[in-house]
Every structure is written in C-alpha cells, then in structure tokens.
Amino acid sequence: MAQNVAQDTATDDAPHQSFAARHRNLLLGLTSVVLFFAAWQAVFLVVPFNKLFISKPDLIAAGLFDLIRSGALFRDLAVSAVPFFYGLVAATVVGVALGVVMGWRTRVGWALDPLMTVFYASPLVALSPLIVIFLGVGLAAKTLIIFFLSVFPFVFNAYAGVRAVDPLLINVVRSLGGREIDLYLKVIVPSVLPYVVAGARIAVGRALIGVLVGEFFAASEGIGYAIARFGDLFALDKMFACIIVIMVIAVALTEGIRWAERAAFPWRAGQ
Amino acid sequence: MQAYIQGRNVNLTFRPPNRGPVRALSNFDIDIGEGEFLSIVGPSGCGKSTFLNVLLGLIKPDSGDIRMGGKPIAGPGGDRAMVFQEFGLLPWRTVQANVELGLELKGMAADARRKVSQPLIEMIGLAGFESHFPHELSGGMKQRVGLARALATDPNVLLMDEPFAALDAQTRDLMQVELLRVWQEAKKTVLFVTHQIDEAIYLSDRVMVMTKRPGRAKKIFPIALPRPRDYEMRVTPEFNELKLEIWNELKDEITV
Amino acid sequence: MTDTLRTDAPAESLTAPARSLWRQIEPAALGMGSIVLLLVIWEALPHLMTLGAGTKMYFTTPSRVGATLWNMMVTGTLWEPLGVSAAGFGIGLLLSIAVGLPLGVLLGRSRTLNAMFDPFITAFNATPRLVFLPLLMLWFGLGVWSKVVIVFIGALFPILINTYEGVRNADRLLINVVRSFGASEWDVARLVVVPNALPYIIAGLRLAIGRAVLGVVVAEFFGAEQGLGVVMVQAASRYQVDVVFAGLVVFAVLSLIMTGLVRLLEDRLSRWRPQRLGE
Chain A
250 MAQNVAQDTA
260 TDDAPHQSFA
270 ARHRNLLLGL
280 TSVVLFFAAW
290 QAVFLVVPFN
300 KLFISKPDLI
310 AAGLFDLIRS
320 GALFRDLAVS
330 AVPFFYGLVA
340 ATVVGVALGV
350 VMGWRTRVGW
360 ALDPLMTVFY
370 ASPLVALSPL
380 IVIFLGVGLA
390 AKTLIIFFLS
400 VFPFVFNAYA
410 GVRAVDPLLI
420 NVVRSLGGRE
430 IDLYLKVIVP
440 SVLPYVVAGA
450 RIAVGRALIG
460 VLVGEFFAAS
470 EGIGYAIARF
480 GDLFALDKMF
490 ACIIVIMVIA
500 VALTEGIRWA
510 ERAAFPWRAG
520 Q
Chain B
435 MQAYIQGRNV
445 NLTFRPPNRG
455 PVRALSNFDI
465 DIGEGEFLSI
475 VGPSGCGKST
485 FLNVLLGLIK
495 PDSGDIRMGG
505 KPIAGPGGDR
515 AMVFQEFGLL
525 PWRTVQANVE
535 LGLELKGMAA
545 DARRKVSQPL
555 IEMIGLAGFE
565 SHFPHELSGG
575 MKQRVGLARA
585 LATDPNVLLM
595 DEPFAALDAQ
605 TRDLMQVELL
615 RVWQEAKKTV
625 LFVTHQIDEA
635 IYLSDRVMVM
645 TKRPGRAKKI
655 FPIALPRPRD
665 YEMRVTPEFN
675 ELKLEIWNEL
685 KDEITV
Chain C
1381 MTDTLRTDAP
1391 AESLTAPARS
1401 LWRQIEPAAL
1411 GMGSIVLLLV
1421 IWEALPHLMT
1431 LGAGTKMYFT
1441 TPSRVGATLW
1451 NMMVTGTLWE
1461 PLGVSAAGFG
1471 IGLLLSIAVG
1481 LPLGVLLGRS
1491 RTLNAMFDPF
1501 ITAFNATPRL
1511 VFLPLLMLWF
1521 GLGVWSKVVI
1531 VFIGALFPIL
1541 INTYEGVRNA
1551 DRLLINVVRS
1561 FGASEWDVAR
1571 LVVVPNALPY
1581 IIAGLRLAIG
1591 RAVLGVVVAE
1601 FFGAEQGLGV
1611 VMVQAASRYQ
1621 VDVVFAGLVV
1631 FAVLSLIMTG
1641 LVRLLEDRLS
1651 RWRPQRLGE
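Chains as they are written, first to last, in the numbering used here: chain A, 250 to 520; chain B, 435 to 690; chain C, 1381 to 1659.
For reference, chain A alone in the conformation it holds in the complex (with noise of 0.2 Å):
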C-alpha cells in the first residue's frame, strides 16, 4: 500500500485530480460502448457481412435516422405509449392503494400477502393469450396486460413501506402536538414514498414486457409489432434500429427513476 516516492519535506498537498482521474467510471464505460460499436463495425472487414443475418452500426444508425424522419418511430412509439401510461397509471393507483391497506390494517396484510406471493410468483404472462381472446386485439386487452403485469411490485413495496414506518417518529410528531394529516403529510408519505418509486422502478420495467406481449401477440402497429415486422422482412438494419430504441428508454426510465430516487431520498441507502 505505501508507495515507494522520494522523501518530500511539504506537508499534504491540496488536492489536484485531473478531469479523467475524476471520472475515471464514466470515461471507461464510454470507451468501453465506443470500442464495442467500433468492433462490430470493424469485424465485417474481415467477416463476410449477410445482410439477413445481420447489421452494422452505420447501417442500423441509416436506418434508424430513416425511421425518425419517415415519422414512423414516433407513431410507432405513441401507439406503444398509450396502453403502457394507462396500464402503469392503474396499477400504481391499485397497487399503491392495496399496499397500504394491507399494510395498515395487519390482519388484511396477512390475509392477502400469500395471495399476492402466488400471483407474483406465477407467470402472469400465461393469461395474455386469453385475454386477448376475451377482450380482442386493442387497447383495452394491451392495457389489462400491463396492469396486471405491473400492479404487484407496487403492492408490495407500498406493504413493505407501510410496515416500514418508524413507530417512533408517529410518536414524536404526537408527542409535538401533531393531528393525523400531519401524521400523513409528516411522517407516512414521506416514509413510504421512495418505497413507492422503488416499487415503480420494478413496475416500469414490467410494463415494458407488458407493452412487447401484447404487441406481440396480435396488433398492427406499435414498437414491439414493428420490431416483429421488420423481422419478417427481413429488415434487419430497422429491426436492430428498433431494439436500440427500446433499450435506450428502458434505461432511461429505469436509470432515470434510480437517479431521482438518490436525489429525492437520500437517506435510503440501499434497495
């Protein structure tokens, strides 16, 4: 650990990093993003390029500047957005709601919680095919998916957050003369909240899955159905320009959520 430096007389120098040694994590995985489309581009100079098989950053990137300008990825991207805000608006407001109840009454918390252990444990996805059957190709069955695929991560953390709340501060804010809206306001939405937007983090992600399977199954416009079409005919400069797409919002969302968790609840540590 001691480095082996000639014997210097000053005392502690002032700190003097430079640009890179500070941010030493971003700058590696920039490089490492850069040198990986760079590769890819590159291994074609030696690899024969079958352009069904596969595609190439400067393809993908033609493609993809193709789409936004045809306006066809925005449409696309809208039709997808709808049942997904829908979906994830109803579940954060049922889950969130269920959360607490089974939270705060103790014996409903107990009386449910195996119950939503199995559902969230089952492969809720099994039952799209049927619920496109039942509620045919449209909005309404692309919005039941996700609901249902998005709703128990919110009951959950909304439980956990419930039962989370420090008996101590209610008795502090009581003891200061607090009535019960500032119990509320003071001390249980403030305790339950970053459990919340934990639980949407997991929900969006879900969400997500939600708005693939039932575009997948049968619909006619949509990101997921044109990631499916573009497949068919074999476009795949598109087809990678698509997936490119979703993956950079899915960490958006996701990433986005986590930075505003730091920033607004900065004494949760972990989770």
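None of these hints come from the bench; they were simulated from the model.
Warning: the hint list may mix true and false statements.
[Claimed, not checked] What follows is a set of in silico ranges between Cβ atoms, one per label pair, in the way DEER data are often shown:
1. A544/B to P1407/C: 35 to 45 Å
2. H566/B to W1402/C: 30 to 40 Å
3. R615/B to V422/A: 48 to 58 Å
[As the list claims (entries may be wrong)] Taking beta-carbon pairs under 8 Å as the criterion, some of the chain B residues facing chain C (in silico):
4. G512
5. F518
6. L524
7. G536
8. Q618
[Stated by the list, open to error] If we take Cβ atoms under 10 Å as the criterion, some of the chain C residues that face chain B in the derived model are:
9. W1459
10. D1551
11. L1554
12. V1557
13. R1559
14. S1560
15. F1561
16. S1564
17. D1567
18. V1572
19. N1576
20. V1633
21. S1650
22. R1651
For each residue, glycine too, the CB sits at the ideal point set by N, CA and C.
We have chain A; now place chains B and C onto it with these hints.
Same frame as chain A, but now just chains B and C:
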C-alpha cells in the same frame, strides 16, 4: 544495546486515489523493551494506528528501519498479533472457530487447536459460548474473543489498536482490569494505542505522546506506579499529576 | 414492540396458552383461508350467477382445471412438453450460472473491468428480453436455442450482479485481520471473500430462477414449437381455457417449489446473519 522492538526514522506517506498525499509518519523513532507495556497517545490521525500496522507487517514504510529481536520486519508473522478496534470477528464463524483462526492458518489440526482454544475461551470468561455467532454477542464479549484470538497463536508481541474504544465506559474499565490480568499471566510485550490518557497511565509501564500528523514521538513518560495496579490508584494524586503532565504535552497537538 | 401506527394489531396479552397458539398460526391461517375462499367463490360463481353465452365459453372453474391437470398428468400429455420446457430452463440457467459466477467475481475484484462492463450490464438488465425474441427467431428458428438464450439473458443478471455485490463488499477490516495472521491471497478468498459472497450468490440464484421460468413461458408463447407454453398458447386459441390455467398452475407451483428450496438453502447458510438479505 538494542531494544526488543526498535524503529528508527520511519517515514510513511499515503497516496489515496482521489485525494492528495497524506504524510502519516515522519522520522518516527521508538524503542520497546521485551515484556514491556507501552501505550501511545496522540491526536486523531497522528499515525499511531498506522505504526501499529507497520509493526504488524501489513504496510511497508517508505523509509526507515524497524527491527524486532534484531531482525527487520518483513511481513505478518506468528510472533505478532493484533487486537482490532472494531473487533474484526468473522461473522460466519462461531466464537471457537474465530479464536482458532490463527491456528488454522498455521496448519494446526482440529484437536490440537481445541486444546489451545478451550482454555483461552475459559480464561476470557466465555465458557459455554463456543458455538455462538458474533452477532449474538455484546461488544465486550466480541472484544474478548478478539483478545483470545490474538493470544491463541502465542505471539511475543500484542498490538492493540484502541481495542476498547467501541465499548461503553463500564465495560471498558472491566476490560482494562482483564487485560492487565491476562498480561501479567502471559507476559507478552504490548503496544497499546489509545485516546484516553487515564487508560494509558493505568495500563502501561511507559506512555509515549505523539505529535499531530505527520506523527513523530514527542515525549515519553515513565509510569512509576507499582504493580499490580488496582482501581484505587486512578484516584491518587500521583496518577492525576501524571495525567496533567501528559495532557499538557498532548493538548498542543490537538486541534478541534 | 409498541405498535402505535397499526391500532388494530393484536395487542400483547397475558392470557392462556390457547390464545397464543391461535396468534401464532393466525397469519398462516388467514393467508391460506383467503386463497381457499377465492377458490371457493370462483368455483361457485357459475352457480351463483348466470353467465352470458359469450363468457361461458371462456369460463372455467378450479375443479375443471384440477381435473384437466390430473388428466394431463395421467395420460402423459403433460410430461413431454414439460420436459422440453424444463430442458430449455435448465440449460439456460446452467449457462447463466457458468457465465455469471466467474464474471461476477472478476468484476467484483477489478474496478476497471467493472466500469467497462457497467453500461452493457445496465442496458441489458433494464431491457425486456422479449425485445430480442424476433431477432433470435431469425437466427435460431423455433428450436430450443431461442428459448435458451432468453432464459440465459434473464437469469444471468441477478446472478452476475449479486455475485459482484457479494465479492465487492467483503469487509476490508476482515481481510486485514486474516492477513495479520499470515493468510495468503488464496486464504483470504477462502476465509473472507467466499463466505461473505455466498448468501448474495444464493439470493441471486433465487431471483434467477423466477426470471428463468418467466423466460421459458414468454419464449414458448411466441417463438417455439414445443413446450408447455406452446401447449398453452395453442389451447388458448381453441378456447380450452382450463388447459391454459392448468399450465399456469404447473409453472407457478414449480417456480414456488424451486425458490422455496433455495430459500431453505439460503436460511441454512445464513444462520450467522442477523437478518435475511432482501429482494
């Protein structure tokens, strides 16, 4: 004549990755006699724990000479053992397995280890707790396990890095008495680092005051109190005089 | 512990032992009770209300599902597709362990490598794997490999991330302690890093299993010829709703059993911890 442990001109500078370099030790000299109990007191960050780690062999100094029994210190060895402030017990091992850790690393067989660990566990007063896990123990109990673990390998030198700092005041007092008892029996050389002047005077043959960072030996106080030391000595005038002298030496080094 | 928030919680009482026995089993009883109640209501529903002709086509009851399931087990129509699904599940899971474990250790020990892999791990972890299915179908067709890759991607990340976490948060102090007794690098790994990482790895395995089951179902729905999921999708298109539910029950039960077993293992290995690791 060479002291049992001798350090001359020890220098050490840390270079942490995202901050400026930190000079821990500067021309640090020290002499420790065999079987002696020496305490080091000093302000926070003065390098006293660093020196313990150097003596332990976990860190190499940038320059300077450190010898024990005439031979330079090359790395950790069975002749020195440390008791850590935060206990450092392996949480997934029972009390007994923790005490036997050093013996295990030496390659001792299970029954031979048991023969050493069992009396030690009894000596520290934890008979019956052999199969407990650290999270089931109190702070004082954990530190006693740490002490037993250090003694198990029968080192010549015990290095103690503020071992009682994490304990409450009453447990601390009791542990000090325990430590002295164990030391009288085992006759080890002890280098004891602490913040507390009381503790240093009560336990030691000599007390060294270190300067603030970069650390250097400032002054050494021989403690002429008779042994065995009992609690009443802590309230005698001689004790308090020593305390005041040492405090006067120390307070210039402390910045709040 | 005083519970001033939940005013309806059972109060501490000093009454007879019979009372406390009920309190011990009350949570489990309520839990099982609600499941049973749900099943009963579901079963009774067609008798309690008249269903429209349209709904009658899709409606099934637990008893019918049970009967169908039994039938499938006995006639053997369950086992073959289940075997295919299980094979895809097993291969994908094993691959994810084989890659995730060593990679997790590597990333745990090397900050540099970790920073370089991080963007890819974040991206693939956040993305629904289903998005790759059309591509995989182009490459592998409807055979077992599309399935295996989907399972692999899903199961890899819990294992990778948990292994990495477990290796990385080995306590610096403990490493120093063990080194002070003369431990070699190998001893350090054996005595500190591995025991510390083990509970994390097992928890990662538990998460991976859930994801892997989901992966099999989803892959079979859209991109396979054989397997229990395929059976379910085909049954759905023929309005054989009880078959769909039967398949769902099979997947759910197997998933619960496997994660339950892993939880038992986790608990055994975690006796030294004050509390179990969270999700």
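Cross-check of the supplied hints:
Remark: the range hint 35 to 45 Å for A544/B to P1407/C is upheld by a beta-carbon distance near 43 Å. About 33 Å separates the C-beta atoms of H566/B and W1402/C, a value consistent with the hinted range of 30 to 40 Å. Restraint check, R615/B to V422/A: a C-beta distance of roughly 50 Å satisfies the suggested window 48 to 58 Å. Because the beta carbon of G512/B sits about 7 Å from the nearest beta carbon in chain C, less than 8 Å, this interface hint is met.
A cut of 8 Å between beta carbons decides the hint on F518/B: the least distance to chain C is about 6 Å, and the hint holds. The beta carbon of L524/B comes within 6 Å of a beta carbon in chain C, closer than 8 Å, and the hint placing it at the interface holds. Among the interface hints, the one on G536/B holds; its C-beta lies about 4 Å from the nearest C-beta in chain C, closer than the 8 Å criterion. A cut of 8 Å between beta carbons decides the hint on Q618/B: the least distance to chain C is about 25 Å, and the hint is violated.
About 41 Å separates the beta-carbon of W1459/C from the nearest beta-carbon of chain B, more than 10 Å, and the hint is not met. Below 10 Å, beta-carbon pairs count as interface contacts, and D1551/C has one with chain B at about 8 Å; its hint therefore holds. The closest approach between the C-beta of L1554/C and any C-beta of chain B is roughly 6 Å, which is under the 10 Å cut-off, so the hint is satisfied. Using the Cβ-Cβ criterion of 10 Å, the hint placing V1557/C at the interface with chain B is satisfied: the shortest such distance is roughly 4 Å.
At a threshold of 10 Å, the smallest CB-CB gap from R1559/C to chain B is about 6 Å, leaving the interface hint in force. Residue-level restraint check for S1560/C holds (minimum Cβ-Cβ distance to chain B is 5 Å; threshold 10 Å). The closest approach between the C-beta of F1561/C and any C-beta of chain B is roughly 4 Å, which is under the 10 Å cut-off, so the hint is satisfied. Checking S1564/C against chain B: minimum C-beta separation of about 9 Å stays under 10 Å; hint holds.
Interface hint status for D1567/C: upheld, as the beta-carbon distance to the closest one in chain B is roughly 6 Å, under 10 Å. Residue-level restraint check for V1572/C holds (minimum Cβ-Cβ distance to chain B is 7 Å; threshold 10 Å). The beta carbon of N1576/C is positioned within 10 Å of a beta carbon in chain B (closest approach about 8 Å), and the interface hint is therefore held. This hint is violated: V1633/C has a C-beta 33 Å from the nearest C-beta of chain B, more than the 10 Å allowed.
A least Cβ separation of about 9 Å between S1650/C and chain B falls short of the 10 Å threshold, and the interface hint therefore holds. With a least beta-carbon distance of about 7 Å to chain B, the hint placing R1651/C at the interface is held under the 10 Å criterion.
Violated hints for the displayed structure, listed by number in ascending order: 8, 9 and 20.
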